[in-house]
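Asks: Sequences listed follow chains E and Z, in order.
Residues in the first sequence are numbered from 1 upward in steps of one, following the working numbering.
Residues in the second sequence are numbered from 1001 upward in steps of one, following the working numbering.
The set of hints was computed from the structure by calculation and includes no laboratory data.
Be aware that one or more of the hints could be misleading.
[To be verified] A few chain E residues facing chain Z, derived, Cβ under 10 Å:
1. Lys124
2. Gly152
3. Gly161
4. Tyr166
5. Gly168
6. Lys169
7. Glu189
8. Gly420
9. Phe422
10. Ile425
11. Tyr426
[As the list claims (entries may be wrong)] Mimicking DSS-like on lysine-lysine, the simulated pairs with C-alpha atoms at most 27 Å apart in a straight line are:
12. Lys1037/Z - Lys1140/Z
13. Lys169/E - Lys1030/Z
14. Lys160/E - Lys1042/Z
15. Lys160/E - Lys1092/Z
16. Lys1053/Z - Lys169/E
From the three backbone atoms N, C-alpha and C, an ideal C-beta is built for every residue, glycine too.
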Amino acid sequence: MKLKEKLAKLSNYAILGSFLAIEVFAFIIFSFGNSFLFFGILSLVLLLLLALLSFNELKVDGFMSSIKLFFPLMLFVLLTALSNYSVGHLRINDFNIGQLIFIPLGLLSIALCGNILAKNKTFKLSTFVLVMFSALALLVFINLLINLINFGWFYSLKYKGYYMYYGGKRSEVEVSQLAYALEGFQFIEVKMSHYAMYPAMLLTSGIALIYTKYKENKTIFLTYVGFIVLGILALLFVPSLIGLVFAIAVGLIILIIYLYNKFEIGRHKWPKIIMYVGLALALIVVLVMILNKNVPSVANAISKSSLLNKLLNTNRIVRRYNEGIRDIFTSQRIFGFCAEQITPWDTIEIHLTGSAFFDSFMTSGFIGVIMLVSLFFFGFKGFAKNKYLEMKEKRYFLALLAFVIFFAFMCLFFYEGEYGIFHQIYSPIYMTGPFMIVVLILFYMNARGTNSNGGRL
Amino acid sequence: MKLKKLLIFLPLIAVSSCGYSLSYLVEGNKYNSPIYKENYYKYWDPTYKNAKKGVEKRLGEDEFITSFNDLYKYDARMITKPDMYDEIDYAKEYKMNNIDKQFNYGYQSKLFDGQIVCGGYFQLSRIQIDENGFSGSFEKESSELSYFALQFKSTTDSKLPCLRMDESGPENVRVHNNPTAGDGESSLYHNSVIDLTISLYTKNAANELVRNSYTASIQNKDTNNGSHYIFFAFDLKNENLSRMVGFSITYTVDDELINHNKGVPGVPESLDYALFLYEMFLPYTSWN
């Protein structure tokens, strides 16, 4: 039998590929073992398997439609793997060669998996979304339980002003600002924002629940109710300001998506105008921040205005962001940099900015940031290709959209790449399970597309 | 049926009120105050005060050491170490949190983190105790004890008026109301004897707590000199202690200047003493 015929026969097992893909994605979103290297290897193996099993359906034009996403992703991952930040971490043994190799290999593999699965008729979006949120729910449940066991109910309110001691050192934050979380195969103390982001991501499944009727499918309805209840309990029993911010953000995202869908706002021109104006304003703000830290004349002008000085220089949040954008056009920093500090205990510490966006100037360099922003920009545009989906499937697509929007919002303002309290953990956004899943979703949505009759493109 | 489903949540609720990590919490800046008297650590496990009496031994002068250089008497491996090997290297290698993770948690983890000298971190690196001392419990038991070691120094509140004892005798005490150090005359230079009691708590066959106490009289020169560390250790191999679950440290101080010059003008009636404990060792132990 010719090779082509043999490969065509393998396509009968495409459903096996879908099943394995969903298992792999469940592992990744659960952050099983929290090993980026493991996720990258899984993604590569899955890609090879999917390519074999979906050989019949692979088309060049299918990949070409994703070129607008593929190109920025490829540049982003290559620039990141070769950046001064990665090399610096390699030098101080925080990263290893395998991790650096799989930054491009792993992320590109999972992106292509999304592309292939979009054309695979046996890959059900409903199943993927259900399994994804189930894996997240399991992680949220485990984290909630360990905090209740160790600290009890509402400890962050009851023990305000208390600190934890570990390894002879006092925690840098009060116990109300830390929580236990599963990291690999152990429970460690992490910053509250790291704990709270998982329940908040789980709450994005609420949009799917809004469009699911109890009578239509009791089990699915109750499962999604369970996700929402668990997410709320996880934020309620470990209360924090950041948890509240995340919950409000998710609520607003769900509300906006619901109203957008209900009143078919997309048919009008003005939403696009508002979006582009908003993006332009955001771009201007970032540009001013960059100029403030790179052009002395601009810095002088800003420092003379007390309001601008407070907004852009002296406030606690922006000061951290500024660390990522300071002197970025110098030869030492244009391709990223590794800002090391020697601590009183003779260990090396590297401080990230508290925002994945501003961290990217450090981890991937200036061009890497542009590529990352392009990835998200074209990725969101790809979602629009699916606006003609029937509500039966559209609700899951909306849930994924809410998930990605919340993830982008969190990355922009609240991502802590060094979230360990007593354990030194540097986890840039591109080496996390949720980011890999977001890349998968963007490529899947972009490649899938729906025509105006509700059929696949 | 509904009741059965609800009963599933009962163990969940029970388990979630354990509060295992609450004992690791310390309020605010407790023990980190610039005021000397506020930094005494006084925690005592309530059950330890009622423990049964086991061994009560006063160690003879040849039954303990007060210098790291003599540790080879209890640890033959010290003989094979290079000449430059000192207590800082020893602490990095033998600190208790290398042996078991249980020593990482809580305020007392300061005694097990390998930080054996001050290093400029002041209250961050030591536990300060008064004569009533404190106790510590272990989450696991250990039965194979080799030797006990403790690095500490004694001190008094340095912000007191300074005294100098003239070489000619205690009757010629001069008082300097200048607490700043630097000119030799300002340091409170005098001898003391520290009666240090280390109690190791074990469980007997009936699971009752037994206190085994070891007391040593340590000659301490220059009580107020901040650089005088004492590396105290004694052998446990022949003590046949099994199922050790905790310890306590208490002491008394016989201060030559204060106690032997009562009524002498310029000599204070009493001083606030402390032991600064830096690191505790129970090497070669296994914990279950």
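Asks: None of the hints should be skipped; say for each whether it holds.
Replies: Hint by hint, here is what the structure shows:
{"no.": "1", "hint": "Lys124", "result": "violated, 30 Å"}
{"no.": "2", "hint": "Gly152", "result": "holds, 5 Å"}
{"no.": "3", "hint": "Gly161", "result": "holds, 5 Å"}
{"no.": "4", "hint": "Tyr166", "result": "holds, 6 Å"}
{"no.": "5", "hint": "Gly168", "result": "holds, 3 Å"}
{"no.": "6", "hint": "Lys169", "result": "holds, 7 Å"}
{"no.": "7", "hint": "Glu189", "result": "holds, 9 Å"}
{"no.": "8", "hint": "Gly420", "result": "violated, 13 Å"}
{"no.": "9", "hint": "Phe422", "result": "holds, 8 Å"}
{"no.": "10", "hint": "Ile425", "result": "violated, 16 Å"}
{"no.": "11", "hint": "Tyr426", "result": "violated, 21 Å"}
{"no.": "12", "hint": "Lys1037/Z - Lys1140/Z", "result": "violated, 33 Å"}
{"no.": "13", "hint": "Lys169/E - Lys1030/Z", "result": "holds, 13 Å"}
{"no.": "14", "hint": "Lys160/E - Lys1042/Z", "result": "holds, 22 Å"}
{"no.": "15", "hint": "Lys160/E - Lys1092/Z", "result": "violated, 34 Å"}
{"no.": "16", "hint": "Lys1053/Z - Lys169/E", "result": "violated, 35 Å"}
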